[in-house]
Amino acid sequence: MRQRYFAFLSLMLCTIVALSVGGPDRVQAADNVIKVGVSAPLSGPAAPWGIPHKQAMELVFEEVNSQGGLDIGGKKYKLEVVAYDHKYVIAEGVATVNRLIAKDDVKYLTILGGAVAKANEEAVNEAGVLVLPLAYAEGLVSPKNPLIFHSFPAPPETATFWKWVKEKHPEIQKLATISPNDDTGWWSIKVETQYTEKLGYTTVAKEFFERGLTDFNPILLRMLAQKPDIVSVNAAPAGSVGLIIKQARELGFKGRFIHIGQLDTSVVAGIAGKDHVEGMWVHGFVETPLPEAVKSWKERYTKKYGEWNATSIDFANPAFAFIAGIKKAQSLDPKKIAQALQSVEFENLWGKARFGGKDFYGTNNQIVYAMPFSEVKAGVATMIVQLPPPHN
Amino acid sequence: MTFELLLQSMIIGLSLGSTYILMALGLTLMFGMMHIINFTHGAVYMLGAFVIYYGFGQWGLPYGVTFFLAMLLLGIFGFVIERCIYRPVHGGVEATLVALIAMTTLIQSLGYPIFGTLDKHVPTVFHGMYAILGVGISAERLMIIPVAVVLVVGLYLFINKTKMGAAMRAIEQDKEAAALQGVNVHLVNAMAFGVGFALAAASGALMAPIFKLDPMMGEQPLLKAFIIIILGGLGSVPGAILGGLILGQIDSIVATVLGLEPAFLLSFVFIILLLLFKPTGLFGHEV
Chain A
0 MRQRYFAFLS LMLCTIVALS VGGPDRVQAA DNVIKVGVSA PLSGPAAPWG IPHKQAMELV
60 FEEVNSQGGL DIGGKKYKLE VVAYDHKYVI AEGVATVNRL IAKDDVKYLT ILGGAVAKAN
120 EEAVNEAGVL VLPLAYAEGL VSPKNPLIFH SFPAPPETAT FWKWVKEKHP EIQKLATISP
180 NDDTGWWSIK VETQYTEKLG YTTVAKEFFE RGLTDFNPIL LRMLAQKPDI VSVNAAPAGS
240 VGLIIKQARE LGFKGRFIHI GQLDTSVVAG IAGKDHVEGM WVHGFVETPL PEAVKSWKER
300 YTKKYGEWNA TSIDFANPAF AFIAGIKKAQ SLDPKKIAQA LQSVEFENLW GKARFGGKDF
360 YGTNNQIVYA MPFSEVKAGV ATMIVQLPPP HN
Chain B
0 MTFELLLQSM IIGLSLGSTY ILMALGLTLM FGMMHIINFT HGAVYMLGAF VIYYGFGQWG
60 LPYGVTFFLA MLLLGIFGFV IERCIYRPVH GGVEATLVAL IAMTTLIQSL GYPIFGTLDK
120 HVPTVFHGMY AILGVGISAE RLMIIPVAVV LVVGLYLFIN KTKMGAAMRA IEQDKEAAAL
180 QGVNVHLVNA MAFGVGFALA AASGALMAPI FKLDPMMGEQ PLLKAFIIII LGGLGSVPGA
240 ILGGLILGQI DSIVATVLGL EPAFLLSFVF IILLLLFKPT GLFGHEV
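So the protein sequences, as listed, match chains A and B.
Last residue of the first sequence: 391 in numbering that gives the first Met the number 0, with the numbers rising by one and none dropped.
Last residue of the second sequence: 286 in numbering that gives the first Met the number 0, with the numbers rising by one and none dropped.
Hints in this document: simulated from the structure, not taken from any laboratory.
Owing to the predicted nature of the structure, the values given are computational and were not obtained by experimental measurement.
A hint or two may mislead.
Stated by the list, open to error - Far from chain B, by Cβ distances over 12 Å, these chain A residues were calculated:
hint : residue
1    : PRO145
2    : GLU196
3    : LYS197
4    : ALA224
5    : GLN246
6    : ARG248
7    : LEU250
8    : LEU289
9    : LEU331
10   : GLU346
11   : MET382
12   : LEU386
13   : PRO389
What the hints assert, rightly or not - Residues of chain A clear of chain B, computed beta-carbon distances all greater than 12 Å:
hint : residue
14   : GLY49
15   : ILE50
16   : GLY67
17   : LYS86
18   : GLU121
19   : GLU166
20   : LEU198
21   : ASN216
22   : GLY238
23   : LYS245
24   : LYS297
25   : GLN341
26   : LYS357
27   : THR381
Said to hold, decoys possible - A few chain A residues that face chain B, going by a derived Cβ cut-off under 7 Å, partial list only:
hint : residue
28   : LEU41
29   : SER42
30   : GLY43
31   : PRO44
32   : ALA46
33   : ILE218
34   : LEU220
35   : GLN225
36   : LYS226
37   : GLU249
38   : GLY251
39   : GLY254
40   : ILE270
Heads up, the beta-carbon is just placed ideally off N, CA and C, and yes, glycines get one too.
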């Protein structure tokens, strides 16, 4: 009996190890294959960011591969995504990046999540890996990280939307913020509140929560007692924002919500209820109207994955940037690609994009392009304005 | 802090405390009888919520029916766990503990391929807002309180007024003596597993329309349940009730006044101080 039990236990543990170790979603590597690592939350509350990012990368690469691949120095290369799920857990984010660099031997990476990217900063610098993160964290874009090219507009760029709010909605004066309690949340809120206070807004509450929290009632009670006109949920993932909005509405909050990071409002509405999300302002999530390039992308994306996800529009940036950089560099050397990225202009789905921001960050490692902002109208994220970045 | 805010905070604390009690009840019942800490409790809470997601949210079964179905199915699962894990190791505490941790990881890992990677949500069951002493609270949160009361009273009656409950109490006091008196220890243990799992499922089923669902959703409630049963006294049902109410109020009032982190810290400080003066917790006894 005892032997049978231990055999059962061993089998179960083996299954768990096999499941938890898992395997990357990729095809067999070959000499003429360029592997790009993706470390992203593919499960959990932040999965609405991670899944469309991985899918967007795969789709862009598949389209390049179907046209014969990339011609680098007279040799044809196919592109391949090697993706791991870090669940937006920092320890898992470090483990996945280590594995991508040491085991999968990738030289180019995307990391989704500021806290995760920040935790991997030294490791990627030491390994000399080119990183195109979708991540908010203080100091990530900096001259000391020459191989890190932030591929999504960050709070120093997107905060410019507040100017538009000030102009169009002068009745909004008191702001409350609620964000994750990590590098991503701290920096996002720091930048946003510095910007809004310069514009004359009063920050009446600034709250942080641990990722994974589900009951926001006590923290909301404290926050809403300050009677804010608008609540910023910057840097919070869709799953958490859905609960925040639902519970805030239950507590009687009637004002607007704003997220100048990126947020899938359809996921939020699914949790909070469609009516509760009405009027919300978001950056980087547009359901209508879509320009021709995005309409075409939508068709291709829907054909491949069966379901449209508007987050994929902006989260395809690392793929477009990488292809542009490697084409210009005509080299597989991450340093040469990095040099090329600082001057190359390329097309993303919103039009012309490039890396700039030297006047703010001290280096041209921040993507800049005309940023789309939406308002949820009748349940649909409707683009209301496209704003140029505030710095070069 | 205004009186209205304090009152609102206390009502939210009561609702929070009720959810904590539901989670802690099954955990403390199983510890009291078998001296095992059921790490699977959080995973069972999650499974209870997903039964609601599929039964009520996807297939359109009535919520009440799905609620009892969740308790029944996961109660049977508790029986199976007792038969396949607890009984083969003759109730060995360490072996059971390791096996239950492994089972938790297995269930959570399987959750992603089975339930999907995106968070799920369940439509609201109890709509509307109620005003208590002028303080607004949603109907679905308010419903937690009577359901918790019904389950607590039901468990009390089961343990104190039924033959099976008497057998459970006998095993809790002295397993060997109970066996010598003709109590079928295996059956009663299986029943304790079943009831413990059913209570965790009830808690998950009740929370499903309020929160979002994902395979890891049981981890935080499990942590709270551990705090409560230590606070109330390991194995004590009244302790779990009082512990849940105290922790609910700390989490709500302190978080409202000082913020979430001080509330989290204070709950541990409170426990440390209590254990310094009363190591067995509020209602616990020496094991």
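Against the structure, the hints come out as follows:
1. PRO145: PRO145(A) clear of chain B: closest Cβ-Cβ about 34 Å, beyond 12 Å.
2. GLU196: 21 Å, holds
3. LYS197: About 26 Å separates LYS197(A) from the closest Cβ of chain B, which puts it past 12 Å; holds.
4. ALA224: Label violated. Min Cβ-Cβ 6 Å, cutoff 12 Å.
5. GLN246: For GLN246(A), whose nearest Cβ neighbour in chain B is about 8 Å away, the distance does not exceed 12 Å, so it is violated.
6. ARG248: Violated, since 9 Å does not exceed 12 Å.
7. LEU250: 7 Å, violated
8. LEU289: LEU289(A) clear of chain B: closest Cβ-Cβ about 23 Å, beyond 12 Å.
9. LEU331: Correct as stated: the minimum Cβ-Cβ distance to chain B is 32 Å, above 12 Å.
10. GLU346: 30 Å, holds
11. MET382: Holds: least Cβ distance 24 Å, greater than 12 Å.
12. LEU386: It holds; LEU386(A) is separated from chain B by about 30 Å at its closest Cβ, greater than 12 Å.
13. PRO389: 32 Å, holds
14. GLY49: 8 Å, violated
15. ILE50: 6 Å, violated
16. GLY67: 33 Å, holds
17. LYS86: With a cut-off of 12 Å, LYS86(A) comes too close to chain B, as the shortest Cβ separation is near 8 Å.
18. GLU121: The claim stands: GLU121(A) keeps its Cβ more than 12 Å from every Cβ of chain B (closest is about 27 Å).
19. GLU166: 34 Å, holds
20. LEU198: 26 Å, holds
21. ASN216: 5 Å, violated
22. GLY238: Given a closest Cβ separation of 4 Å, the condition is violated.
23. LYS245: 9 Å, violated
24. LYS297: 19 Å, holds
25. GLN341: 36 Å, holds
26. LYS357: Check passes; 37 Å lies beyond 12 Å.
27. THR381: 23 Å, holds
28. LEU41: Holds, about 6 Å.
29. SER42: 4 Å, holds
30. GLY43: 6 Å, holds
31. PRO44: 6 Å, holds
32. ALA46: This hint holds: ALA46(A) lies near chain B, its Cβ roughly 5 Å from the closest one there, short of 7 Å.
33. ILE218: 5 Å, holds
34. LEU220: Since chain B brings a Cβ to about 5 Å from LEU220(A), closer than 7 Å, the hint holds.
35. GLN225: 11 Å, violated
36. LYS226: Since the shortest Cβ distance to chain B is 12 Å, the answer is violated.
37. GLU249: Check passed: Cβ of GLU249(A) comes within 4 Å of chain B, closer than 7 Å.
38. GLY251: 6 Å, holds
39. GLY254: 16 Å, violated
40. ILE270: 5 Å, holds
In this structure, the hints that do not hold are numbers 4, 5, 6, 7, 14, 15, 17, 21, 22, 23, 35, 36 and 39, in rising order.
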